[in-house]
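There are 2 protein chains.
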Amino acid sequence: MCQLLGMNCNVPTDIAFSFRGFRQRAGVTDQHSDGFGIGFFEEAGCRLFLDYKAASESPIAKLVDHYPIKSLNVIAHIRKATQGVVSLANCHPFQRELWGQYWLFAHNGDLKRLPRGIGKGHYYQPVGTTDSEQAFCFLLENLRSHHDTMPSPDILFAELKVLTSALAGYGVFNFILSNGQYMFAHCSTNLSYIVRKAPFTTAHLLDEDVTFDFSTVTTPTDRVAVIATQPLTDNEVWTKFEPDQLIMFIEGEPVWEQRCLHTRKTAAITESTTSEPHA
Amino acid sequence: MCQLLGMNCNVPTDIAFSFRGFRQRAGVTDQHSDGFGIGFFEEAGCRLFLDYKAASESPIAKLVDHYPIKSLNVIAHIRKATQGVVSLANCHPFQRELWGQYWLFAHNGDLKRLPRGIGKGHYYQPVGTTDSEQAFCFLLENLRSHHDTMPSPDILFAELKVLTSALAGYGVFNFILSNGQYMFAHCSTNLSYIVRKAPFTTAHLLDEDVTFDFSTVTTPTDRVAVIATQPLTDNEVWTKFEPDQLIMFIEGEPVWEQRCLHTRKTAAITESTTSEPHA
Numbered sequence: 001m002c003q004l005l006g007m008n009c010n011v012p013t014d015i016a017f018s019f020r021g022f023r024q025r026a027g028v029t030d031q032h033s034d035g036f037g038i039g040f041f042e043e044a045g046c047r048l049f050l051d052y053k054a055a056s057e058s059p060i061a062k063l064v065d066h067y068p069i070k071s072l073n074v075i076a077h078i079r080k081a082t083q084g085v086v087s088l089a090n091c092h093p094f095q096r097e098l099w100g101q102y103w104l105f106a107h108n109g110d111l112k113r114l115p116r117g118i119g120k121g122h123y124y125q126p127v128g129t130t131d132s133e134q135a136f137c138f139l140l141e142n143l144r145s146h147h148d149t150m151p152s153p154d155i156l157f158a159e160l161k162v163l164t165s166a167l168a169g170y171g172v173f174n175f176i177l178s179n180g181q182y183m184f185a186h187c188s189t190n191l192s193y194i195v196r197k198a199p200f201t202t203a204h205l206l207d208e209d210v211t212f213d214f215s216t217v218t219t220p221t222d223r224v225a226v227i228a229t230q231p232l233t234d235n236e237v238w239t240k241f242e243p244d245q246l247i248m249f250i251e252g253e254p255v256w257e258q259r260c261l262h263t264r265k266t267a268a269i270t271e272s273t274t275s276e277p278h279a
Numbered sequence: 001m002c003q004l005l006g007m008n009c010n011v012p013t014d015i016a017f018s019f020r021g022f023r024q025r026a027g028v029t030d031q032h033s034d035g036f037g038i039g040f041f042e043e044a045g046c047r048l049f050l051d052y053k054a055a056s057e058s059p060i061a062k063l064v065d066h067y068p069i070k071s072l073n074v075i076a077h078i079r080k081a082t083q084g085v086v087s088l089a090n091c092h093p094f095q096r097e098l099w100g101q102y103w104l105f106a107h108n109g110d111l112k113r114l115p116r117g118i119g120k121g122h123y124y125q126p127v128g129t130t131d132s133e134q135a136f137c138f139l140l141e142n143l144r145s146h147h148d149t150m151p152s153p154d155i156l157f158a159e160l161k162v163l164t165s166a167l168a169g170y171g172v173f174n175f176i177l178s179n180g181q182y183m184f185a186h187c188s189t190n191l192s193y194i195v196r197k198a199p200f201t202t203a204h205l206l207d208e209d210v211t212f213d214f215s216t217v218t219t220p221t222d223r224v225a226v227i228a229t230q231p232l233t234d235n236e237v238w239t240k241f242e243p244d245q246l247i248m249f250i251e252g253e254p255v256w257e258q259r260c261l262h263t264r265k266t267a268a269i270t271e272s273t274t275s276e277p278h279a
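From first to last, the protein sequence lines are chains A and B.
Take the first sequence: its position 102, counting from 1, is numbered 102 in the working numbering, and each next residue is one higher.
Take the second sequence: its position 57, counting from 1, is numbered 57 in the working numbering, and each next residue is one higher.
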């Protein structure tokens, strides 16, 4: 298994405090040492740092610690390999372009016995060997097949709900997905979030004895949602996702929430398979 | 204009020496200070470092200097903006997936008056606002449209020659393109290369007083091609590309060379335009 970290805000925010605690779980406070990745959206651009070294030791993770990058949307991942060897091609987040936007995706879980060819589509194909990248390609393939241009957020959410539900039938499917504007987070087993807004207070990390006073760096209108496999602080109230819950965050707020019931699995997977001439 | 650096080898090689000289041109020995990027292929994976800061100052460029990453194929770029604002989305190299492989592309030049919609295709769309990313998407779109799977290298070279020739009719089109296995380099105006192989000697940088003895880190069978807008060393013989020359490097060797005559421009661009329902 792996651990996920996401941030979605209404003002460009530095994720250094959260990432500092998170990366301790890659070998110090936990064993997610088979590579890491962190991707920052900056306007239309996207900056992705990957390493197959543990985030607790990687010089690239140290750079991220000390080079504050402000972003509206960030996705990070520390890996404990279940499927796929330890290699750069299997490090999350994965990145693709859809509708002229970059999309990032990171997964915690294990999708077993995915039908052969899932994810190997007309528009997208996996490069590495993980079930996670297959799932990401499956999501994008279906969205792209149904829409030549970006649909409205409610349609996007509804379609992702159906596609997510289909994949979640194959195993544990906690994920975070973003196009730099919206952030989608789905929970099968473990995912929590917190929305920090005024009045801002002081937070204390769970994984390292570090305290930070958010009131010193924020304005009253700032809103920052942080999503993580396990809460990152021990003095704040985190909300645990329900099983099979998909939430769409916009500007630091959980806007759409829905339980994904596994009723559309067959339909969605069949639909995808027929659109995969090269499977 | 910008400057390009590429490396294609038969054994994973550290590009630190070349990059050290190259990044001085981003503000110290030359004025290419509007962002930089360097992408390393590592087996199927690809690691891309981008910054809109000058490579001579960027902490990310310093990391690359001190964190030796061995790779068979590397593409780097320092930008002096001609089209498109200074932003992360406009930093080269650009990355996309094609046939289940990552592809990187960097451009030095200026393509003027590209037909509207070029690069905005069925499979690929630009995210930023540069002519360069449009050209990259145009190349991949046409390759993908003609082949569901990767063709043989001779067919790939022949098709890239036609597509390159079509785009080169619109202006200066020096570029380096790679899928992690092959490296294609095209010259309109300025591009040179050197193949280092046994007996390895000592090289001295042009942009900084640094000398390196390659014989201390190589074996007799190693072969490393380095491609750059301007030679990086002052005591070695670099080969200047001819105008309109496309070379395909495999395992450190220039394998196919061809002059691109601008005869197929109309045909190729028309072909692309008809395959762009969303243009």
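Please note that the accuracy of each hint is not assured.
Just so you know, same-sequence chains aren't split out, so a pair can sit in one copy or run between any two.
[Unchecked claim] In the SDA-like style, the derived pairs of lysine to any residue whose C-alpha atoms are separated by at most 20 Å in a straight line are:
#1 LYS112 with GLU57
#2 LYS62 with GLY171
#3 LYS120 with HIS146
#4 LYS112 with ASP244
#5 LYS120 with ALA44
Source of the hints: derived by calculation from the structure; they are not laboratory data.
Numbers of the earlier hints that this structure fails to satisfy, in rising order: 1 and 2
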